[in-house]
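On the provided structure of chain A, position chain B as indicated by the hints.
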Amino acid sequence: MGSSSNTNSSGGGSDKEEDKGKGKDSSEQSFKEGDRVLAYHGPLLYEAKVQRIENLDGERRYFVHYLGWNKNWDEWVANDRLLKLTEENMRKQQELEKNQVVDKTIKSGRSTQHKPKGSNDAKVDKDDTKSLVKGKKRKSQPGTEEKERRSSESLLVSQFPLMLKKQLVDDWEFVTQMGKLVKLPRSPTVDDILKRYLEHRTKKDSKINDSYAEILKGLRCYFDKALPAMLLYKKERDQYAEEVKNDVSPSTVYGAEHLLRLFVKLPELLAFVNMEEDALNKLQQKLLDILKFLQKNQSTFFVNAYDGKCKGADGTKAK
Amino acid sequence: MDNVESAPDSPVQAPPSSASSLPKEQSQVELELRLLQALEFYPPSKLKGIHRHFVLYGLMEYLRKSLDRQFSSDEILQLLDRFFNLEMLKPEDDEKDNFSQAEDFSLPESFLNKEDNSK
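Protein sequence lines, in the order shown, are assigned to chains A and B.
Residue 260 in the numbering used here sits at position 260 of the first sequence, with consecutive numbering throughout.
Residue 93 in the numbering used here sits at position 93 of the second sequence, with consecutive numbering throughout.
For the record, the hints were derived by calculation from the structure and aren't laboratory data.
Nothing here was measured: the structure is a model prediction, and the numbers come from that model.
Where is the CB? At the ideal position from N, CA and C, for every residue including glycine.
Do not rely on the hints blindly, as some may be mistaken.
Partner residues are not named here, just some residues of chain B that face chain A (Cβ under 8 Å, in silico) [as the list claims (entries may be wrong)]:
#	residue
1	His53
2	Gly58
3	Gln70
4	Ser72
Only chain A is shown next, with the shape it has when bound in the complex (with noise of 0.2 Å):
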């Protein structure tokens, strides 16, 4: 994050400039603890909790949590910093980060390679090789030096399999652009897929090894309550509703392709557990290994053809 240097110089109350810019009458908009909102951190906005509120000098103040960033970054600032999340804002954010990632592309140019070279990229298949050799000018990714700063956040993103990344944007387009949907429930399960991998591993270890047990059972535990909460696009809510019923786990119906939209949350949601920084690692690693079983995996745990139906799908033909 950088300096935060855009006050937008309305101290008091900026009645006169009642547009829909941001801040709008920012003496009128309030907030209440507890509310998720957008904040100015520098040029861009975050998401972010009101933690507390306070009155100084009779100004409001709001003590903010930025969601997914460790605990350090929290600070007092003025309403004029905050936005409601709605989703006007929300554009807005990502409008802003777009211009950013602009920006530092033109700066950056190419001096600057972030990714390691070697073991992760050595066997990646043809389409990526292509991309490579074709970019040799290639890009740093967008927003690394940022993301670097989110402690937790950074061996997971920035050795996450390409290809699995290519899953993923293939997932998105399916869904949100071509409105299909995988069909559930899924086989493999995400819960197979983790016994999997932990026969998987105990073999390699040849005994079990209980730091990846634990690991499992937390992803499943996370899997169960992420998937309704942070894991669904809008198009697959319904569906959502008609499988998942009574006490049934997610982690039961759904597959791979969910699970993975999971490793994208994981940092955000590790970030709650404060973790040391040598332990937070050696954590990461192993979740790259379990991501590394899945790309080895890929072509019998993910589904080839998103066929399930959607309400409101305009009927194109899967591939």
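Relative to chain A, chain B alone:
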């Protein structure tokens, strides 16, 4: 270290197996000390919430590092049980909030940009 006398005479709750090869009394005290140190990072209240497995994992790592041997999660839970009534602990609010509000999944920009770059 004589002021730490929490280790009971009878090893009723002593952790099984793995500890047996070490001189018991002393290693037990050491173990408890380390555990209490670890709790600074991993407050027991977090053992109740959604993050519990990863908190346990953190404890396992911490003890493994400081005492140079493996600990199972059961072993750690048994140890903790001497100091805390784990059943009575309540998860922190922060954790509940995390999942109470449903939001749609969105792929981070970096993933989508990546795709653009390679086209």
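**Item:** Structure-inconsistent hints, enumerated in ascending order
**Value:** none
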